[in-house]
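Colleague: Below are the chains, spelled out letter by letter.
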Amino acid sequence: MKRVRKLAAWILTLAVMIPFVFTSVGCSQGADADTDSNQVVIWHDKEDAVAEALLAELNRLVPDVEFVLEKKTSLTDSLKLSGNDPSASPDLFIFAHDKIGVFAEMDILAPVTEFVSEETLSSYLDMTVDAVTYKGEIYELPIYFETLLFMYNRRYMQDEEVPSTTEELYSYMQANTGRGRYGFVEQHSTAYYSAAWIHGFGGSLISEAGEPLLDSDAVKNALSYHLKFVELMPGETEYSTVNTLFIEGQADSTIGGPWMVPSAREAGIDLGIAPMPVVDETGLSLSPYSGVQGVYVLKHAAESKKETIQQVMTALCDPSVGIALAQASGCAPANTACYDDPDIAEDEMVTAMRDTAQIATPMPNIPEMDVMWTVTGNLLSDVNLSGEDVETAADEAQKQALDLIAAMQ
Amino acid sequence: MKRQKRQVKPKKKRLPSSPKQRKITFWSYLCSAPSLILIGLVVVFPILYTGYISLTNMNVYHWFDFDIIGLDNYKRALFLVDSGFLSALLTTILWTIVNMAIQLVAAFVLASLLNIQSLKLRKVYKTLLMFPWAMPGYVSILLWKTGIFNSQFGLLNQWMERLGLQTVRWLSNDVSAFICCTVVNLWLALPFMIMIMDGALQSIDKSYYESAILDGAGWFRRTVSITLPTIRPIIGPAVIITVFTTFKQFDVVYLLTQQAGAKTGSHFHTLITYTYENAFITNNYGYSSAISILIFVLLLLFSWKFRLEEKS
Numbered sequence: 001m002k003r004v005r006k007l008a009a010w011i012l013t014l015a016v017m018i019p020f021v022f023t024s025v026g027c028s029q030g031a032d033a034d035t036d037s038n039q040v041v042i043w044h045d046k047e048d049a050v051a052e053a054l055l056a057e058l059n060r061l062v063p064d065v066e067f068v069l070e071k072k073t074s075l076t077d078s079l080k081l082s083g084n085d086p087s088a089s090p091d092l093f094i095f096a097h098d099k100i101g102v103f104a105e106m107d108i109l110a111p112v113t114e115f116v117s118e119e120t121l122s123s124y125l126d127m128t129v130d131a132v133t134y135k136g137e138i139y140e141l142p143i144y145f146e147t148l149l150f151m152y153n154r155r156y157m158q159d160e161e162v163p164s165t166t167e168e169l170y171s172y173m174q175a176n177t178g179r180g181r182y183g184f185v186e187q188h189s190t191a192y193y194s195a196a197w198i199h200g201f202g203g204s205l206i207s208e209a210g211e212p213l214l215d216s217d218a219v220k221n222a223l224s225y226h227l228k229f230v231e232l233m234p235g236e237t238e239y240s241t242v243n244t245l246f247i248e249g250q251a252d253s254t255i256g257g258p259w260m261v262p263s264a265r266e267a268g269i270d271l272g273i274a275p276m277p278v279v280d281e282t283g284l285s286l287s288p289y290s291g292v293q294g295v296y297v298l299k300h301a302a303e304s305k306k307e308t309i310q311q312v313m314t315a316l317c318d319p320s321v322g323i324a325l326a327q328a329s330g331c332a333p334a335n336t337a338c339y340d341d342p343d344i345a346e347d348e349m350v351t352a353m354r355d356t357a358q359i360a361t362p363m364p365n366i367p368e369m370d371v372m373w374t375v376t377g378n379l380l381s382d383v384n385l386s387g388e389d390v391e392t393a394a395d396e397a398q399k400q401a402l403d404l405i406a407a408m409q
Numbered sequence: 001m002k003r004q005k006r007q008v009k010p011k012k013k014r015l016p017s018s019p020k021q022r023k024i025t026f027w028s029y030l031c032s033a034p035s036l037i038l039i040g041l042v043v044v045f046p047i048l049y050t051g052y053i054s055l056t057n058m059n060v061y062h063w064f065d066f067d068i069i070g071l072d073n074y075k076r077a078l079f080l081v082d083s084g085f086l087s088a089l090l091t092t093i094l095w096t097i098v099n100m101a102i103q104l105v106a107a108f109v110l111a112s113l114l115n116i117q118s119l120k121l122r123k124v125y126k127t128l129l130m131f132p133w134a135m136p137g138y139v140s141i142l143l144w145k146t147g148i149f150n151s152q153f154g155l156l157n158q159w160m161e162r163l164g165l166q167t168v169r170w171l172s173n174d175v176s177a178f179i180c181c182t183v184v185n186l187w188l189a190l191p192f193m194i195m196i197m198d199g200a201l202q203s204i205d206k207s208y209y210e211s212a213i214l215d216g217a218g219w220f221r222r223t224v225s226i227t228l229p230t231i232r233p234i235i236g237p238a239v240i241i242t243v244f245t246t247f248k249q250f251d252v253v254y255l256l257t258q259q260a261g262a263k264t265g266s267h268f269h270t271l272i273t274y275t276y277e278n279a280f281i282t283n284n285y286g287y288s289s290a291i292s293i294l295i296f297v298l299l300l301l302f303s304w305k306f307r308l309e310e311k312s
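Residue numbers (the working numbering), protein chains in the order written: chain G, 1 to 409; chain A, 1 to 312.
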């Protein structure tokens, strides 16, 4: 019996130990994995049209390199787990610029200036280069950018009715909201959208140094002022409700991203795009966040495939890439040379986006921003949907943000 | 009060096992080894690894170069036990009790109806009742959110409008959000419980009922004295599993009320959604792992208590 018990103990120990053995073997294999220096793996989370356009351009510009584009739905989470493992992570990936701080602090990124000269980057829009710079280093090659736009349905809102100020917008909403119809809808309790109003009051969610600013007067004033608009909008704040109301013709105007445009056009909407209204009180335009989509280089690839990555990054600076991706995505290219192309220069959406870029605020790329999305979302929902006092809710949100940022360390 | 004398059980003498018994035991363990290793791989290893990470400073700033920092994360995690945490814990206990009570009663009633001898189209009903289980939870929850509870397009508000009533934002306050989440959770969880109850009911020897009927026992007496005691040991493990699944519920509550970019205004939190918002979003894996281990210990304590009650 003793022997059998001993055997049982061994089997149970093995059951616990084998996973550790597997893991360590996996890790060591990863480190020794033979890398094919002529193959470049790129992760992305973009729609198929964008991926196909990028692949076609890369194959044309760098025919000697084999490209593997892999779509990842939880790209950032996957990179957090495997960003330093050459056998499990890509060489390059395409993502918005707001995660730069997180990945740079994790030390998995190589600065793109190792492959692209600063002189080349000087032909890019300043806003896009600023957005991809973290602690003085440029970690992403900007390709195109997106921002929110004021869109309206010409069937219900005539060009001359388009509000140029927020008070005009409010008057329009009062006159055109009711009986299942809305004068204006937006994702009013979402941080990404509400930031436009906060910036319009000269405020910000977080400082460049990573200090939350939710209890600032500008934020409180913006939230208090925005409340009267929220009262004339539906209670739901998610994308599907807002998008459906506009697409179905139940809302005359909205603030939305370029991703709304294909479905609006498909629905036969005569879509108008106008500049953002100006806040009467401050004289500042509503200033939405902008997101710069571009290519990141992982550190291991920069070391093991230097020449190939150099070729690829040089090719990605070719204006044809920006043009092809802008045409596929409906977004505006980051490289100013792309605007010499007549198709791009005459595209209404792209022009509107480029104009909005003058007033848009790049999303902060510091790691602290990760917690600010949630805390600000909670603050907005407390104020707009639960009817809590702005002053109290903002102070509580500030405290929560400070606690969470402290907990990051 | 007199103290009752404790009865001391006589110690059982271990009989020397025969070579044949030893061989059987050996083969049992050998045959179980692949499963045990698999369980080790998918269950034990993640727990041990989480325990290890909870002792380190693994966060954005020390992602791959983390060090062991002892119990610091646990000290910080205990600070999370504030009024919000306790409120979430109490809400979670209430959530678990309400869901389990309704689930057990509803599953028992439906399984009993399915076992009526003269019931026609039994298989059709069973398939329909299993349907929620076949759908991915994520899809079901979002369909409920948009299709039923949405204040603009949802079915409930369309009915309210037809009846000339004021439309309601169903997910915006704590009580109605709790009720809506309970309904969706029941919809998702009932198929499993019905299946277990149905199997348990079918396993009861019909002769018990025949004897009880001959003795003049009515439906209630038969249910209390035959059905419930007989199915109890069969459904016991399923109930315990469901209690823990309900206790650590995340997706129903998060997707219906707390999803980023689609918050509804409700402050209804279970323990897991609360800790997600107050720890997991920090990208501090050491700290988050310490909280996970504390919740794990809490669940172990519940499990231990349940086991004792089950034994009694």
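Any given hint might turn out to be false.
[Claimed, not checked] Which residues of chain G face chain A? A few of them, derived with a C-beta cut under 10 angstroms, are:
#	residue
1	G178
2	S240
3	Q310
4	W373
5	A407
Worth flagging that the hints you see were computed from the coordinates, not collected in a lab. The C-beta atom is built at its ideal place from N, Cα and C for all residues, glycine as well.
Colleague: For every hint, state whether the structure bears it out.
Modeller: These are the hints, each one checked on the structure:
1. G178: 13 angstroms, violated
2. S240: OK, holds: G/S240 within 10 angstroms of chain A, min 6 angstroms.
3. Q310: 25 angstroms, violated
4. W373: Result: holds, 6 angstroms to nearest chain A Cβ.
5. A407: It holds, given that the least Cβ distance between G/A407 and chain A is near 5 angstroms, below 10 angstroms.
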